[in-house]
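The chain contents come next:
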Amino acid sequence: MGKTTYRDALRQALSDSMTTDPNVVLIGEEVGRYGGAYGVTKSLIDEFGPERVIDTPISEPSIVGAAVGAAMSGLRPVAELMYVDFIGMTMDQLANQAAKIRYMFGGQIGVPMILRTQGGTGRSAGAQHSQSLEAYVMHTPGLRLAMPATVSDAYHLLRQSLAQPDPVVFIEHKALYATSGELDDQTPVAPWGKAHVPRQGDDLVIVTYSRQLHYAILAADKLAKDGIEATIIDLRTLNPLDIDTIRTHVERCGHAMVVSEGVMTAGVAAELAARISEECFDFLENPVIRIAGEDIPISVSPLLETNSVPTPELIADAARMMRS
Amino acid sequence: MPRLGETMDSGTIASWTVAQGENFERGDTLLELETDKTLVEYPALGSGRLVETLVAEGDVVDVGDPIAIIETEKAWPIVSDQDAGASTSGTTAPPGVAQPQSSPVETVAGAETASLVDGVRATPLARRLATLGGVDMQGLEGTGRRGRIEASDVIAALGGGKADRQEFLLLHGLGSNAMAWGALIASLEAGGARVTAIDLPGHGTNPDDAAKIDDLVDCAVAHLHTHSGKVHLVGHSLGAWVAAKVASQMPESVSEVTLIAPAGCGPEVNAEFLRGMAEVEDMDHLRGLLTMLGPTAEATPDGAAAVMLQDLSRGRLHAVVNELLDGDVSHLDILPILDSIKDRLNVSAVIGIQDQIVPKETLFRLPSYINIHVVNTGHVPQWDTPAEIAALLQKPI
Amino acid sequence: METQTNSRLAELYPMMRRIRTFEERVGELFVRGQSAGSMLHLSIGEEAAAVGVGTAMRDGDTFTTHHRGHGVFLARGADPRLMMAEIAGKETGYCSGKGGSMHIADMKLGHLGANAIVGGGIPSVVGAGLAARHKRSDSVSVAFFGDGATGQGVLYESMNMAALWRLPVLFVCINNQYGMGTRIDNATADPDLYKRAIPFGLKGAAVDGSDVEAVAEIAGEMIGDARAGKPGFLVVDCYRFYGHARMDKSPYRDDAEESEGRLRDPVIKARETLISRGEIDGSSLDEMDQNIAAEMDATIDFAADAREPQLDSIFDDVYDPSTPPPESVRGRLARILGQSQ
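Protein chains in written order, with our numbering: chain A, 1 to 324; chain B, 325 to 721; chain C, 722 to 1062.
Bound-form chain A, shown alone (with noise of 0.2 Å):
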């Protein structure tokens, strides 16, 4: 139990694993030595040594496919790609092989690797290297995606994935590794698949996931003086997806809003916003409202920067007119 932040929760979650399992590994750029691109393998070269802590060349492909290889000869591979931006040079290996290969070979054999990666804006790192790609993955059976919020999850939803006998994506956020947190590494908020409920109102339900919460929760707060008391949902895994939680919910309140980073069209938010109308259509008094990205890549600018994705002025704007 202390206070840690969500970066050296990761790394926590990572070295325990590697002590009490032999099999697991990390391979990707610069997770050696330099010690991961945020920092979060820092050290953990020192304690595993260079056989599991693994130094690639620029070689997304080939980093994701030898994570393929080494999960079906019985390793737990922990790949990590520098930027979900780069998910696309990876995605041959990802949705063609990883996705499917338990499908294709008839069950024999399953792929239990992690991709860990992240995403997101708040760095001004311009329109390759701040998107929020999630539903890429989210859009391909066979993958398991879970989205860390917060301190105690970067911790215990990484412990949960490299339990998964399937691959898991794992996308962190960039704007959360400096965040700080309480952890308790003996319980996490809930178990796998299920999402977790960190404030109840009765007037509305704003279901999101990741750095959104955390602007959720803030715009709860403002919310709440003006007498609008919302529900958050933290979906902490897309897939599986809770929605048995959000069910519950949504009928109580009638008045459901979904936040995501990733950009609105074709997006998380369309396919949430899809499944909650139909399964409480008959107990909605508002359309599901969408609140995500625009549809348009991110500029270096600040200001344009924060103005591209939902912001706490703009969850609780969206709060007030649908409860007006």
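In short, the hints are calculated from the structure, not lab data. Be aware that a few hints might be false.
Straight line, CA to CA, 20 Å or less: simulated SDA-like cross-link-like pairs of lysine to any residue [what the hints assert, rightly or not]:
id : chain 1 : residue 1 : chain 2 : residue 2
1  : B       : Lys398    : C       : Lys856
2  : C       : Lys856    : A       : Ser17
3  : B       : Lys398    : C       : Ala1014
4  : C       : Lys924    : C       : Gly941
5  : C       : Lys856    : A       : Pro50
Go by the hints and put chains B and C onto chain A.
Positioned in the frame of chain A, the structure of chains B and C alone reads:
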């Protein structure tokens, strides 16, 4: 003519390699065909004799049409149209034929959800409540966007729009308190009702302890004396038993009674839950008890749960639980009480079919003069679907 | 069958004939309209590559193949009936009818999967090599691919990593001179493919794919090196008799080129060598060939009689069986529109 590729629907005879009348062995090339993609050799699948060629070099032949007559020992099991076999992926309609347009599906997500049906524009929730409450939406005034009818409009309509508004008195169940009615109160007040909820002895902020269940009844009776006019009494669980007793003692002050998941319908009860409520002292135990109550209770946030635990761990419920339970069964009997008021008051009951505290079977013992509403919830319907319960409460009998 | 000798060639010939006959029968399956999948890629003409390398591998070694991998799989011990059933998309096939020819696999024989993506199976052997090193096992992993894959970046990434980390891995390029319809000298400026090993620090070699003894010799040496942590790149020069997919008469090659190619038929060469060396006589070989033909004919019947996958297996194995399968569209419809209240 065989189908040799996904997109093939005809082939051209390029040249006959075996002449009419000649014998051939398995594997020999019989003829060469040109498809849309390339030139193909057609092998003999068994030995035999080419009796007659039916087409000439240069002829274009549709897939499935005959090209030769052969004599063989065994028939060649060729599926001429690959649609009949497992081989082609793809549609059964021949390429080039337009597929019929699927009729456009009415979508709900993202668009205006107040749909126009029979000239009435109303939200899905409003429609549902109107169906439940027997409200005719034609001619209802909608206060929502673009004049649509919203849930609050239906609930208000159920209240009759009467000059004298409906008045409710809510009696909570074992271990609960007045504040727990919050969501239902909001729905009822949105429909124009006046609502009061009280803390019974041994619960909430009520300083008096409950030495026996009748202490709860006495408190409610005393409170009812302070009301002028008639109230619609609503009780939940043990509070429903209390409400029935209050109604039997003061029928002239009661307009009707609604019993939500009532206690006293039979001996079967979740004794572990009841004892747990009296004894609980740690959060894990409380969480287990909340899980038994239903999905909304299970999802109680940590802050609210902490307040609940603080209240319950004062241990003020032992006397009531001991009186209620005889071993593991309840010996409360609500039926004689209901019998005594049946000719004077309307009584309704709301039963959750996933109730884990009072099994639904006991509730079905309620006599036929009671209006029974079955809902798909746990033991606390007013938490799981408050708007629905509000609509039921407002529904005129 | 009478063999006068137990020479290496005499041991290798039967498997080559089995591959040749199997591939011919698979071709018939396609013409009969009974192959699952609209594409079929035969390895006729590449038998020496499959058998020569396959014989140098041992139990516990793993491999991946490209879409033209039937021969390699047979050479490593596959049951041709289960292969035929899988190619026909039947339930009793190696992959329960879900993979077909291009996604055939068998973990027990070390086949980590055939791939329909050119180059798709190559990085996996790097991973398998890492696993072998990690577990201190001495197994080798072999990637089989065609000359077409030498246009793919993943090949060079994988060669680079294998050499950098000294992995027990062998890259085998079965060079049949054509990537689909494109001849190799229209696909690359320097068609001496084995030289690509040099810049990465891998041992590189090229061998005549019509001579199974030569292939077996060099493969034995390179697999042994790989086992000792010296990965290599072996190019086996073959000639593809049929066009890219079954029975394509390939008008993109001229007839002279095609008949010269048939002179390099490895199965014919092996047979003629056995006879000319006096190791086995022609009629014994004929008898062997007939027995093999009967065996392969029986696989067609086995596949034809086998059951189609049941429709309710369609959601199996998307995820591990301990987790719920995805919801079907019909299931969702029934649940959402079938609700009464």
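*Sort out which numbered hints this structure fails and list those numbers smallest first.*
1
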